[in-house]
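Top line first, the protein sequences correspond to chains A and B. Going letter by letter, the first sequence gives residues 471 to 812 in the working numbering. Going letter by letter, the second sequence gives residues 471 to 812 in the working numbering.
The hints are simulated quantities; they were obtained by calculation from the structure and are not laboratory data. Warning: the hint list may mix true and false statements.
Identical chains blur together in the list; that is why a pair holds if it fits in one copy or across any two.
[Claimed, not checked] Derived EDC-like pairs (lysine to aspartate or glutamate); straight-line CA-CA distance at most 20 Å:
hint, residue 1, residue 2
1, LYS588, ASP561
2, LYS673, GLU562
3, LYS655, GLU534
4, LYS655, ASP768
5, LYS655, GLU535
6, LYS697, GLU782
7, LYS785, ASP561
8, LYS697, ASP653
The primary structure of each chain is shown beneath.
There are 2 protein chains.
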Amino acid sequence: MTSPIPIRQHAGLKLLLTLVLSLPLLVQAASPLPSWNEGPSKKSIIEFVQAVTDQGSKDFVKPEERIAVFDNDGTLWSEQPMYFELLFSLDEVKRNQAQHPEWKTTQPFQAVLENDHKALAAAGMDGIMKIFAATHTGMTTEAFDDYARTWLAQARHPKTGKPYTEMIYQPMLEMLDYLRSQDFKTYIVSGGETGFMRAFAEKVYGVPPEQVIGTTFVTAFEYKDRKATIVRTPKLAHNDDGPGKPVSIETVIGRRPILAFGNSDGDLQMLQWTAAGSGKRFMGLVHHTDTKREWAYDRQSQIGRLDKALDEADKHGWTVVDMAAEWRRIYPFDATTTEQVQ
Amino acid sequence: MTSPIPIRQHAGLKLLLTLVLSLPLLVQAASPLPSWNEGPSKKSIIEFVQAVTDQGSKDFVKPEERIAVFDNDGTLWSEQPMYFELLFSLDEVKRNQAQHPEWKTTQPFQAVLENDHKALAAAGMDGIMKIFAATHTGMTTEAFDDYARTWLAQARHPKTGKPYTEMIYQPMLEMLDYLRSQDFKTYIVSGGETGFMRAFAEKVYGVPPEQVIGTTFVTAFEYKDRKATIVRTPKLAHNDDGPGKPVSIETVIGRRPILAFGNSDGDLQMLQWTAAGSGKRFMGLVHHTDTKREWAYDRQSQIGRLDKALDEADKHGWTVVDMAAEWRRIYPFDATTTEQVQ
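Given the sequences, and given the hints that come with them, work out the whole structure.
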């Protein structure tokens, strides 16, 4: 077959193709993070991404090794007045109370049913794990997925009145998009239960189920009459918090991330693991400094305590995002504000 | 900016672009599985892939849901005279014996050091797990990766004299490529230890570390003086065999595969889990029928026993690949044979 275009015009064709093909890159480069004010964090993100994606750079990283990991609670969406998944669990205890008359007189369930925050707080992490097990297990993975999706569709946040899946950080959504446009693979690595996060991560963050890593319960395969199910059991398999994060990253991904973003001491080991790799690395922390548009908390907070990790960030020059100063907009539903870092 | 090509020639340009862009598809469609003889298995694979990738088909599956899972031992590479990873482990026991004088008088290690196959067989699966733990743990993940790569580079198969990483099935490599060209995500889900398989899966099969799922040991994060390591402990975390396969698929991938390929009863539950999903599915078994070019074994074999899964395949019309009749070539290093299914 001969070309329908005379040979002499191939140079023009090539130029046109080059221009058309580079257009998305030019648009992207113009303004990759519109909800971030000009400031140190935006600058450090863009400089890092440019360094590792520029073929001519000494810091160039092959696309398949561009692994980016993000905590979820407090990093991609809000976590106040308590982890949203805990709010789900409390609602599930109430929804299921008719099937569990014993909960009326058994802690920590009694505290949940009576809205007794003091008794609930007294039950501590053990109490929370009991509530988690009671609301996350004893059912098939498909049934749990349905419960999680139903709650996420109906529940509203006590302060904003918005669905929880809208209380996500617009600047972080833009960062996820920006990274993916530069051939990063974006993962969630978070203390939340894997199945719960998978119920919204793909739709809300563009992160597919296989890139969601979290806390897991032991499951069991059951097969009868050509019907196959996987049943969630109450036995904890993996606690994806603190040192559990680098462990699950290594088990599931098998590559060390070159970028990690968190917001609390529970992310410290993930950041350390990322930082200790060879070559250029990016370690980031969302610092909740915004009493007006979100919440302000760090060293003394029960939820999302940021203390040791803040010290390490200061010591090693990790990026700490001052939410109040550096984020032009918090949630997608916010009007764009005009605040700017001076 | 105006186009450097006059408007009237855009029709020609469009035609050229269309032709150029469709060329790879035409080539692909012409002969996607060259080492497969024309026969029922090749036909069923191609019919399945065409059905789920054709936008107009009632069986169309969105690209992100095109998950394909493959067992490794006996499905992607050979497994005789015993699992290659077990041969690695036996060699590692010998290599490390100076550091373990107690092994001289402790089973199953004594059997390994004395090449006492009878005593080794008598130690059974418990013995194998002891050997696995002794050779796969008590070191960092990086150190283990080095040991595995070193062995894979040097060791040779007792029968063929070839590196183990060359005793892979050419027809299955072509199938992996074919599926990926049709936007499938190809996973290994196998009883082998995850880190061992990751040491060669990317180079040999084109399957990246994050798509390798296998047996795992509990690991621990350690951090000292800004040096971070993940240490393998001897405690088994997950046995990725039998019912362990659908469990790990659900935990790690979080989507049900639409295609699964195995070769033994250890793959039965993975095939059942795949088969029990809604919509069109493909379940395949490699049947080792080739005494001349590979090995022939099934119902009575100690390694790779194929008994119950063969019955289920017959009952439900799963694809059973007759290796002797349907594979034109076994290994990449084989000369192409001219055998054809009549």
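Are the CA atoms of LYS785 and ASP561 at most 20 Å apart within a copy, between copies, both, or neither?
Close neither inside one copy (41 Å) nor across copies (46 Å); limit 20 Å.
State whether the alpha carbon distance between LYS673 and GLU562 is at most 20 Å within one copy, between copies, both, or neither.
neither (23 Å within a copy, 47 Å between copies)
At most 20 Å between alpha carbons: which applies to LYS655 and ASP768, within, between, both or neither?
For LYS655 and ASP768, neither the intra-copy (29 Å) nor the inter-copy (41 Å) Cα distance is at most 20 Å.
Measure nothing new, just compare the shortest in-copy and cross-copy C-alpha distances for LYS588 and ASP561 to 20 Å and report within, between, both or neither.
within (17 Å within a copy, 60 Å between copies)
Can you tell me if LYS697 and ASP653 fall within 20 Å by alpha carbon in one copy, between copies, both or neither?
neither (39 Å within a copy, 28 Å between copies)
Intra/inter-copy verdict for LYS655 and GLU535 if alpha-carbon distance must be at most 20 Å:
Both: 8 Å inside a copy, 17 Å across copies.
Evaluate LYS697 and GLU782 at a C-alpha cut-off of 20 Å and name the case that applies: within, between, both or neither.
between (51 Å within a copy, 14 Å between copies)
Under a CA distance limit of 20 Å, which applies to LYS655 and GLU534: within one copy, between copies, both, or neither?
both (8 Å within a copy, 14 Å between copies)
In summary, the numbered hints that this structure violates are 2, 4, 7 and 8.
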